[in-house]
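Residue numbers (my numbering), protein chains in the order written: chain A, 6 to 255; chain B, 13 to 300; chain C, -14 to 331; chain D, 26 to 391; chain E, -17 to 215.
If you're looking for bench data, these hints aren't it; they were derived computationally from the structure. Bear in mind the structure is a predicted one, so any value in this text is a computation, not a measurement. The beta carbon of each residue, even a glycine, is placed where N, CA and C say it ideally should be. Since no wrong hints were added, every one of them can be taken at face value.
Derived DEER-like restraints, expressed as beta-carbon distance ranges: (1) D/289 <-> B/18: 53 to 59 Å; (2) C/323 <-> A/92: 32 to 38 Å; (3) D/61 <-> C/161: 47 to 53 Å; (4) D/244 <-> B/289: 39 to 45 Å; (5) C/154 <-> D/159: 35 to 41 Å; (6) D/61 <-> C/323: 50 to 56 Å; (7) C/27 <-> B/274: 47 to 53 Å.
Given next are the chains, with one letter for each unit.
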Amino acid sequence: MTTALRTEGLSKSWGGFVANSQISLSLPKGARHALIGPNGAGKSTFINLLTGVLAPSSGEVFLMGERVTHLAPHERVKRGMARTFQINTLFPGLTVLESVVLAICERSGAARIWHRTVAGRRAEIDEAWDLLARLHLDRDADRPTRSLPYGRQRLVEIALALAARPKLLLLDEPAAGIPTGESSEIFDVIAGLPDDVTILFIEHDMDLVFRFARRITVLVGGKPLTEGTPDEIAADPRVREVYLGELPHV
Amino acid sequence: MAASVLGVLFDGVAYGSLLFLISVGLSVTMGLMNFVNLAHGAFAMAGGYLCVALMQRAGMPFLATLPLVFLAIALVGAALERTLYRRLYDASHLDQVLFSIGLTFMAVAAATYVWGPNQQPVRLPGFLRGQIHPGGVDLGAYRLFLIGLVAATTLALHLLMAKTRFGARVRASVDNRAAAAGLGIPVDRIFVLTFALGTGLAGVGGAVGIDVLGLDPTFPIKYMVYFLLVVAIGGAGSIKGPALAALLLGVFDVAGKYYVPEAGAFIIYGLMLTLLAFFPRGLYGRKA
Amino acid sequence: MLRPFPTPAAVSPEEDVIRPAGPCERIARLPADRWTLRETAFWLMPVLGYFAFPGYLMLGSQILIAGLFALSLDLIMGYAGIVSLGHAAFFGTGAYAAGLLASHGWHEPLSGLLAGAAAAALVALPVSLLVVRGQDLGRLIVTLGIGMLFFEAANKAAAITGGVDGLSGMEIAPLFGLFDFDLFGRTAYLYSLGVLFLLFLLCRRLVHSPFGLSLRGIKENSKRMASLGAPVERRLVSVFVIAAALAGAAGALLAQTTRFVGLDSLSFQRSAELLIMLVLGGTGRLYGALIGAALFLLAQDILAGLDPVYWQFWLGLMLVAVVLYARGGVLGGAALLAGRIRGKRR
Amino acid sequence: ETPLKIGLVAPFSGPFADYGKQMDAGIKAYMHQHGDTVAGRKVEVIVRDTTGPSPEIAKRLAQELVVRDQVDFLAGFGLTPEALAVADIATQAKKPMIVMNAASSVVTTKSPYIARFSMALPQVVAPLASWAAKNGIRRVFTLVSDYAPGIDSEAAFKKALTEAGGEVVDSIRVPLRSPEFAPFIQRIKDSQPQAVFVFVPAGEQGIAFMKGFQERGLGAAGIKVIATGDITDDHVLDVMGDVASGMITSFHYSAAHDSPENKAFLQAYEEVAGGGGRANFMAVAAYDGMNAIYQVASKLNGKIDGDKAMEILKGMKFTSPRGPIAIDPDTRDIVQTVYIRRVENIGGHYFNVEFDHVPDVRDPGK
Amino acid sequence: MSELLRLDNVTAGYGDGIVLDDVSFSLKEGDSLALLGRNGVGKTTLLVTLMGFTRLHKGRLAWRGRDLGGMPTFRRAHAGLGWVPQERLMFPSLSVEEHLTSVARPGRWTLKTVYRVFPRLRERRANLGNQLSGGEQQMLAIGRALMVNPSLLLLDEPMEGLAPIIVQELVSVIRDLTTGTGMAVIVVEQHARLALALTRQAIILDRGRIVHRSDSASLAHDDRLLQRLVAVA
Ligand SMILES: Nc1ncnc2c1ncn2[C@@H]1O[C@H](COP(=O)(O)OP(=O)(O)OP(=O)(O)O)[C@@H](O)[C@H]1O
Ligand SMILES: Nc1ncnc2c1ncn2[C@@H]1O[C@H](COP(=O)(O)OP(=O)(O)OP(=O)(O)O)[C@@H](O)[C@H]1O
Ligand SMILES: [Mg+2]
Ligand SMILES: [Mg+2]
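Okay, chain A solo, but in the shape it has when bound (with noise of 0.2 Å):
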């Protein structure tokens, strides 16, 4: 088995305050991986340094075998890696349609032409009235981004993700803001992507994460606590006292 991420010793600080220190994380190709922790544990900030977003303070990003560091994020996105933020990161004035094509234009590399129109680029739209059907967002196709509730945007921001066909897909609490029963719907589309495509995701609801993830690295203070299957992560007392405390369920 390949691996399709890797870091070493990945840090960052600001100033004093160290929010990562010396991450190293390897995923397997086709890995269902989930990043959790307390608040202001490093997990956005780690999703950060993968992507590029941030430049960390030091240590290395693998993607795919090949060191993606000192790449710009777009750089990394074209080597396959898209991601989801934490806070909805759209186009507001742009149609959902409009939204997801301009995205699958980018991948397939259309976007890059200027003599053609849009509603000429046939395959790229099948493509997303697909996407958006799968996401059940084709309704709302012609309304403006800026214009949905807040849950569906969510799933705009999901697709926009996938229109990318990443090999490693990074999630930043994905679900966060929809009902739990749509929630594990999207988890659903999500685990339904192929067997080749990586995916890390970070999520509190941790129904989620013990249904989908089939491993787990808790991170706590910036640092990775340990690592483990859901079985083991829900038995680890130190994760209880950090992080799950008494959750009835788990």
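Fit chains B, C, D and E with the ligands to the given chain A structure using the hints.
Using the frame of chain A, we list chains B, C, D and E with the ligands on its own:
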């Protein structure tokens, strides 16, 4: 040689002080309140005209006019904020630019109508004219006065904005008006006060600047670049930034003109481009 | 398979209608290039104007040129979100390039026009690298500063540009070797109209293309664009250079039709007026640029004729009024109004 | 009878709004004195605003005046580029073009239909240099604004001074939009010349220079300021106040010029534009230009033909409020007396008082 | 206990559009209300209508018997409404501590008591509003609203993004508040069961209308209803 370097430095700092004085009002309205107010120069001009009028018609001494100018222009600013500016806080920067350019055009035409297109004279009191010579260095009295005024203003403003609850409430209101109001901050009142502060300072800057910059109806357009430069290079959202930027610009401009006069206007633009290339958000920029 | 999500709360009645997305429907609301009747009517106006107002052809061609210039600003501002206070730098560069060619023995207009556009694009390249880095405010200042810098440079290089005295004494050969540039401005008008129309078609195609869509994406949220894999800065550089070339073409047209280039072609005043025109018409819709240019120059002509001394006052008032009451300019206001009326009818 | 139409093209708004106003008032003053009909035709002045330094608008306005309004004369032209841009129109339409300000040497060469009633810059610069040399001022520092007129006058001054045996010790060109003069003045002070020759636009630049000059005690150090008269323009002189006091300038017109023609002019000016400040050289040029138009019209009996009009203009001579003037038949440029003046306070107001003069000066730039 | 809030036939929305349709309910001191419904049914809209951010087309809003209709937003906060917005709405140029002090009004909630509930905020007190993790922002949004010392706390998905252990802490804090101090709360939550466990009454919205109201306990046992109206699996 040493005296000439010192002299140049002094002149540069003094010139920077003047730049800061006429721009500080803008770093309140634009830097802190995030309103791109290109009409800043119009308020400064109004301050200048008021100062001249008070001196000529009412025979007031120069220094005594300054507090009056501050108050009067602050009131004008408050009135305009209530009636016009407040409708544009939500608008894009572009709309604000256009609106305030429109106001500037109107102000220029109105000033021409009232005062004619000519320069206005200003007579400084005797103790502010001429030079003093401590230790063989020639120091202009008015320039010393400018430096002192700037030091005081900067410090006071900085403390007001960074250390007081009022300052925090201003910043909160600017960051997110809905959230601020929803948490009980009287956003409208805070904005009108802050805006009045900014315009009042603009007025004082205009009055203090006449002696060096002159005063005619095209003032707001002529010096617009300078105000913008100072605030943009300094970075929005702080008082320190523009102060530092103004001093840098002042010193470089003066030194450039003294040592390499051939470089002319390029020094100031060159410096600006270099600084903005390295600090795209300004020296003390607000993080996105 | 999943069961469908519940319908979201309906804000407007149209949401209740669930449409099956047929192949035609599927692209109906994406940027396309179909030519509408309204557009044809629009472009007939300048043609009719040629016959209806023979005494105003100079004004007409200046409107067309300003329209082209505004179009160029609309590309970067209305679509890519870069506000510029120094766009005259490229206009002036184009004007001087074309003017210098014409005054140094190269009289053919079309190649001069191309040279103007190319020169502007060339200087825009390094400038754009600086501009795209910054934020709103930084860009405002950088463009302003660059504009000033170009102005000073042209002033300094008086030996080449003529400095404040301007560049005169250029000679323009007849268009296609046939049509002389006459005192009545007929050739100038038709020449400008032709160039504007062709370049407009180009812009129209560009903004409806995937590239154009990606620009809108950048304007809406450049952070997200980067995380979709878009090379944001490179895209902005491309459109900036294209826009500069258009501005250069506009400048070249002006140089050729007036046979004079002054420092004012690089001035802040010109950049500011350009901004006003565009906003008056409405940004991000191409036609706004053309309508704004026409309105501005007509208003300037009429107001300056009525009240030469204080017309600036009225111009200022107009601007303030547009921003306060007709956000989105003439076209934006019209669209809003149309929306209201349609809404009422339902 | 159709009216005699004159198209006045000048800036009436923007930074040069004053130019248009002065010209308009000068024209009105002439018409006020001499009536608004000539050779049986009513005189109609059509005023057009170029809105600033805007050559293409000037050109368009001129074209429209010619094509649509069918004017008989084009007049005005505050700024050189506007005059240059219009030159083509004058040639194509064969309309006499009366230049009432634009002062670059080249202006009159751009069309055979141009006649200039204002001045050419070198025309007033050169006499100043010779006067300085003659009066023992041999080491001069020059400071000019960094634009074409500044550079022209720097060159003209240098040439004339060197020819007269003097020497330019150093030259500085200052940016047009520079409020800060201190470093330049410090440099002058450090190099200790006998005098400094200054050419900067009238208004805040002139004032800023003089203020700095006083503040740094250059006057006290014995350095004289000599300049062309635009820095002590009558219109701004009172604003400059005593900072300008004692300044020596050369120019072709002063409101203090002592002649009956000038008195009559100033009175007429006061009557049409009272309260708007003092008349300056632009008003005089417009007044004289109008005079010339009236002369042409009456000689041609109201039937204006471009070529015939130019023949009359060439070699035209009369006494203007500034003194005797003539139009050089070869260059169609003005020939006039240049005065050396000193700024003095007369009854609470400042004036340029003439104390020396050089008669019949041509533009040495041609 | 006296009546705090009363909505009579409230119809409201953004601009001309209508989102809330004929909503009526009332709340007494110490009451706790769960506001449930799927995405986009108007839960947030209801809360921001109370704060005065929407257009009230019809109906009446009363606060302690006084009409809230024309009252500016900041006065509503002074009157006792504490708002925790769904998007958190941090102030990027204020430090954590300034967030708290700049809105503080006298009462039992002070810097100290807020820090006691959220010790994490004390650790990060010098950070600016946009230099916080998602969960820290959520804590700050809640802490900030508490500093206003409201009589009615409006919580728009307050648990979102919080670690389970903090959620448990917050649940007990909210319970204490309503029972101990007479503060009323309205909780909007996607985790319906959590919200129901926290409150005494519940309202379900659908397309801007109230489609169900009952006490929380009985709703919590009605799986079919929850499934149908709130999509709880
Ligand atoms: N620019 C910054 N300067 C200083 N500290 C920062 C900055 N940005 C984030 N932090 C701190 O870094 C820590 C890690 O933040 P991060 O967003 O990675 O947490 P997280 O694990 O995602 O938490 P959550 O579950 O709450 O989202 C937080 O304590 C935060 O306050
Ligand atoms: N600012 C706005 N302008 C116009 N319509 C809006 C706005 N905000 C929300 N809406 C619309 O109002 C309706 C209700 O939205 P609201 O945010 O109140 O839903 P919600 O129940 O809070 O949903 P969620 O669970 O996703 O937060 C939605 O259809 C939404 O599209
Ligand atoms: Mg996070
Ligand atoms: Mg909501």
